[in-house]
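2 protein chains.
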Amino acid sequence: MAKSEDTRQTLDALFHPRSIALIGATNNLGKWGGIIMANAIGNGFKGKLFPVNSRDEQIMGIRAYRKVTEIPDPVDLACIVTPAETVPALVLDCARKQIRTVLVISSNFAETGPEGQKRQDALLSVARDAGVRLVGPNSMGIFSSTRSLVLLMALVEPLKGDISFVSQSGNIGGQMLEWGKRLKTGFRHFVSSGNEADLSCRDYVEYFGRDDRCRAVMIYLESLKHPGGWMETAREVARRKPVVVFKGGKTEAGQKAARSHSGALAGVVPIFDASFRQAGLIQARTTEAFIDCARSLSRLPLPSGNRVGIITRGGGWGVVTTDACEEMGLEVPALQPKTLEALDRILPPYWSRGNPVDLVAATDIRIYLDCMEILMKDPSVDGVIALSALPGRVMSFLSRPALKERLGLDDARVRAYEASAEKAGREVLEGIVHLMRTLGKPVVLVGMYPTSGAFETLIEKEGLNLYPTPERAVRVMARLMEYGRYRRRLEAREAAWI
Amino acid sequence: MAKSEDTRQTLDALFHPRSIALIGATNNLGKWGGIIMANAIGNGFKGKLFPVNSRDEQIMGIRAYRKVTEIPDPVDLACIVTPAETVPALVLDCARKQIRTVLVISSNFAETGPEGQKRQDALLSVARDAGVRLVGPNSMGIFSSTRSLVLLMALVEPLKGDISFVSQSGNIGGQMLEWGKRLKTGFRHFVSSGNEADLSCRDYVEYFGRDDRCRAVMIYLESLKHPGGWMETAREVARRKPVVVFKGGKTEAGQKAARSHSGALAGVVPIFDASFRQAGLIQARTTEAFIDCARSLSRLPLPSGNRVGIITRGGGWGVVTTDACEEMGLEVPALQPKTLEALDRILPPYWSRGNPVDLVAATDIRIYLDCMEILMKDPSVDGVIALSALPGRVMSFLSRPALKERLGLDDARVRAYEASAEKAGREVLEGIVHLMRTLGKPVVLVGMYPTSGAFETLIEKEGLNLYPTPERAVRVMARLMEYGRYRRRLEAREAAWI
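Residue numbers (our numbering), protein chains in the order written: chain E, 2 to 499; chain Y, 2 to 499.
Bound-form chain E, shown alone (with noise of 0.2 Å):
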C-alpha cells in the first residue's frame, strides 16, 4: 500500500472510529486516565469505548480488559495514557489485536531530553516494524465532531462545526476550543500533534484538505522537520480552502521557549511571513485573531474588493472603525451618489452624507436594515461593518427595583417590551443573513455579546460573525479581502491557462 493511502487510512480510523481502546483507563480522576474517560462518556462518544486497565474489573461503569488482546471486538483505534517506558510493549499488544492507528498521550519523550528523544526513537522503531503508525507521542488528543469524540486532557466541551485544527501545543489547541464555544463556533476535527514521531503535522493538513465537510483549516505551528513539504502541502490546501495559521516561537526568544517545552529540533529552517502569503496561508498576528480569522473564513462570502462600508449609530465609533480600516490597508470609499438619495430619504436632513453611515442616534431599529441594504447595495462597497447592529436592552436597566415604582412599569409591560425588542433584533440579524446570501458580501457585526439565547443560536446557526470592537471586526474583514484577493488571483491564473 503506498504511505500516502496508508495515512489516510490510519487519520479516517483516528477520526472517525467506530471502537477504541482507552489503554491506561482508571477510575481516579485525579489521573489523567481518569480525565480523558470521563471525557469520552461525558461528551457521548458514537461507539464502543474499551478501557484497558491492569486492575479494575469496570472504569466508569464500563467493562474493562486488562489487555488490548482481550477485548473480543474489533477496535479501530487505540489510545495510550500510560507511563513512556511501558508504551512500546503496549504498541506491540495493539499490533497483535490488528489496531493499526495508536494515539500516544504519554510524556517524557524527546521533548524532555535526549534521554526522552532516545525513548522515542525505540518507540518509532517498535511500530514501524510492527506495522502500527502513531499519533504524538506527548500529544493532548483529538477531536472528532463526526463521532462526538473528545478524547482529551483538557475538560472540554467542543462545538461541532466544520473547522479542522491541527495544533503543535496542546494547551493552546484545549483553549481554541473552549474560546469557539465561546465564539458559537465548531469545530470538525481537532489533533494535538505532540512530538510527531511518525504523523506529522503535514499529514494532517492533507488530510483536512481532502476532507470536503472541512470548510478552514488552522494550523498552530511551532516547528517542522521539512518545511518545504509542508509549504507545498498546505499551498494545495489554500488553493480549495482558508488556511489559517499561527506561528509560535517567531522570535529569537520565542523560539528558544518552543525549543525548551517541545521535542522540537533546533536550527530548523525558519519559515518567513512572505513565503506564508505566497502560499495564500493567512497568517494570524494573535492567538485572538486566530480563531476569529479561522471563523469568518468558514462561513462569511468572500468580498471582491478591499472597500468597506461602515454603518454605525454614533460618530466616534465611525471614526475609530475609518482609522482601523486605513490602519489595515482597506479602503473607506465615497458612496454613490444613488446611495446618499436613498439614505436621505431615510434618515435626518442633517445626517452626515457620507462613509461611515451614522444614523445619529436612531432609535427605531428597523431602520438599521434599511439603511444596510442600501449601503450593501452600493457598487462602490465590497463588505459592511456593522457596528452597534444589536437592540439594548432599556427596559430590563429601567425595571430595576429603584425605578421600576417610580416608573409606574409592571412585569407584563417588561416583558412585552424586552419581547418586541428581541423580535426587532432578530429581524434585523436574519434580514442581515438574507442579504449577505442574495448579494454575496460579507457583514461583520461589532457589539457587545448577546445574553439573549435567541441571538446566539442565531449567530451560530448562520455563521454571524460579533465581535467586541471594531478593530478586531476590522482584522476580520481584512483577512477575508486577503483571502478573497488570493482567489481571484489564482482564478484569473487559471484562466489564463487555459
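What the hints contain is simulated information worked out from the structure, not anything from laboratory work.
Worth double-checking, as some hints may not be accurate.
It does not matter which identical chain is used: a pair holds within one copy or between any two.
Unchecked claim - Only pairs whose alpha carbons sit at most 27 Å apart, straight line, appear in this in silico DSS-like list of lysine-lysine:
{"hint": "1", "residue 1": "K161", "residue 2": "K405"}
{"hint": "2", "residue 1": "K49", "residue 2": "K405"}
{"hint": "3", "residue 1": "K257", "residue 2": "K119"}
{"hint": "4", "residue 1": "K68", "residue 2": "K47"}
{"hint": "5", "residue 1": "K4", "residue 2": "K119"}
{"hint": "6", "residue 1": "K182", "residue 2": "K405"}
{"hint": "7", "residue 1": "K226", "residue 2": "K161"}
{"hint": "8", "residue 1": "K378", "residue 2": "K257"}
{"hint": "9", "residue 1": "K462", "residue 2": "K339"}
{"hint": "10", "residue 1": "K32", "residue 2": "K405"}
{"hint": "11", "residue 1": "K462", "residue 2": "K47"}
{"hint": "12", "residue 1": "K32", "residue 2": "K98"}
{"hint": "13", "residue 1": "K182", "residue 2": "K47"}
{"hint": "14", "residue 1": "K257", "residue 2": "K339"}
{"hint": "15", "residue 1": "K32", "residue 2": "K424"}
{"hint": "16", "residue 1": "K405", "residue 2": "K47"}
{"hint": "17", "residue 1": "K378", "residue 2": "K405"}
The hints should help you fit chain Y onto chain E, whose structure is shown.
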C-alpha cells in the same frame, strides 16, 4: 476672579453638585429627557433633583417646576435637554437663578453645519454675557462617583473607581464606562465634552490633574482648537499620574469622518505620536487597549525595568507570550541560578529550567504561588505575566448529568470540591496581591474571566488585572514599563537639577 479659578469652581459644581435642575425632564422614556431623568434616579443621585418641564406637575414621582426660576432651593448645576433654539433663553433663566454651570445635552449646533455653528456662537455669547459657563453643547452627559450621579443619555451603571475620563465622543465614552463595568474597573468622573463651545478638553484634564483622588486620566481626542496649550497641560498632569490618550482621526479618512460628525474645525494642527511620547502620555492604539491601560496604570505598581518573567501551565502559551514580549520590545531574561535552584526543589526534574517557567501540567494550584514568589523575587525580573492563574472548574464539568451517576458523584462532593478549589484559587490571588505590595512589582494575569463572584470581587477590590489573551496582557505590561521609564527619567532629571 481669575479664569482658572472660575473654571475650577465650575467643574466643582459639575462633578459635585448638591442640587440639579433637569430642564426638559419628561415622563416619556422614549425621549432623552426621560432617559436622563431615569438614569439620575436609578443610580441614586446623592442630592436634590428638580425636574423642569412646562406641562407635568410631577416627573417620575418628583415635583416638577415650570421654570428654573421657580425652584425655591439653591441649584448648583443645570442640565438642558430641550431643542437647540430654546437653549439661549433657558441659559438666561439659569443666570437669573444664580446657576453658573450649565450642561447642554441638546444637539443640532456646530456639529450639523454652518447654521448650527451660528446657533452655537449665539449661545456662547449669551452665556458669556450672563456669566454662565457651558459644558457642551451636544454633550452626552456626565458621571460622578462622588455624588452617585449619572446624567447620561446612555443607560449605563458605571462602577465607581479612580479613573477620570474626558471624551470628545459621547458614544465612545458610554462604551468605555460599560466596558469598565465588565472589567470591574470604576471611574471617578466622566464628561462627554461635546462641541466644547466654552469648556474644553484641556480644562477637564487640568481639573483631573489637580484631583488627588484621581489616579489615572483617560482622554478620547478628536480635535483641538489649541493643541499646544492642551499638550502643555497634559504633559504637566502626566508628571504626576498616568494619562492615557486615544486619538480618533489618526488617518486622513478618519479625520474626514471626525469632521462630519462633530463640530471639529477643519485644518486643525495634527498632533503626532512622537509628541505624545515626549510629553509622557500613553497612547492607546485600540479602544480595548485604551481601557486596559488606564485600568492597569491606575492600580498596579510601576516596574523599574523592561524584563518580564513568565509563568505558565503549558508550553505553547509560554511561547506565544514570549513572542509577544519580544515583539513589543520587552525582554524575557534568563533567570538567576539561585532562582533555578529554588524552582528545582518544587518542579519535576524534567522542567524546562528557564523563563518562561512552565509548571509542566502541575495540577496542584498551590505550587503556582510558590513558583510565583520565587520568580518575582528574582532580581532580573521587573514584572510578571502569570498564565492560567485561576483554577479550572473540573468538578462542575464532571458533574454534568451524563457523567455524574457513572462517576458516583453526589452534590455534596461536587460542592465540597468546588469550595476547596475556590479557596485554593483565592489563596493564590491573595498571595499575588501580597507579593505585588511587598515587592513593588506588577503582575498581569491571563485567564478566562472568572464566573465566581469571589474572584470578581477580589479583582475589583484589589485591582488585579486579568485578561483573556496573553497578547493583551503583554500590551498592558509594555505600557506599564513605558510609563515607568518615563517617570524614572523625570526623577533622574529632577535629581540632576538639585
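> Given a CA cutoff of 27 Å, do K4 and K119 count as a within-copy pair, a between-copy pair, both, or neither?
Replying inline: within (25 Å within a copy, 80 Å between copies)
>> When Cα atoms must be at most 27 Å apart, do K68 and K47 count as within-copy, between-copy, both, or neither?
In response: Within one copy, since 23 Å is at most 27 Å while 74 Å is not.
> From the Cα coordinates, with 27 Å as the cut-off, is the pair K182 and K47 best called within, between, both, or neither?
Replying inline: Only inside one copy: K182 and K47 sit 21 Å apart there, 43 Å across copies, limit 27 Å.
> For the identical chains here, do K257 and K119 meet the 27 Å Cα criterion within one copy, between copies, both, or neither?
Replying inline: within (22 Å within a copy, 64 Å between copies)
> Within a copy, between copies, both or neither: where do K378 and K405 come within 27 Å Cα-Cα?
Replying inline: neither (43 Å within a copy, 53 Å between copies)
> From the Cα coordinates, with 27 Å as the cut-off, is the pair K182 and K405 best called within, between, both, or neither?
Replying inline: between (36 Å within a copy, 22 Å between copies)
> With identical chains treated as interchangeable, where does the CA-CA distance between K32 and K424 reach 27 Å or less: within a copy, between copies, both, or neither?
Replying inline: between (48 Å within a copy, 22 Å between copies)
> Are the CA atoms of K462 and K339 at most 27 Å apart within a copy, between copies, both, or neither?
Replying inline: neither (34 Å within a copy, 55 Å between copies)
> Checking K257 and K339: alpha-carbon separation at most 27 Å within a copy, between copies, both or neither?
Replying inline: Cα proximity of K257 and K339: across copies only (21 Å, versus 58 Å in one copy).
> For K32 vs K98, is the C-alpha pair at or below 27 Å within one copy, between two copies, both, or neither?
Replying inline: within (26 Å within a copy, 75 Å between copies)
> How would you classify K405 and K47 at a CA-CA limit of 27 Å: within, between, both, or neither?
Replying inline: Close across copies (19 Å), not inside one copy (51 Å); limit 27 Å.
> When no copy is named, should K49 and K405 be tagged within, between, both, or neither for a Cα gap of at most 27 Å?
Replying inline: Answer is between; shortest inter-copy Cα gap is 20 Å, intra-copy 56 Å.
This entry does not satisfy hints 7, 9, 17, going by the numbered hints stated previously.
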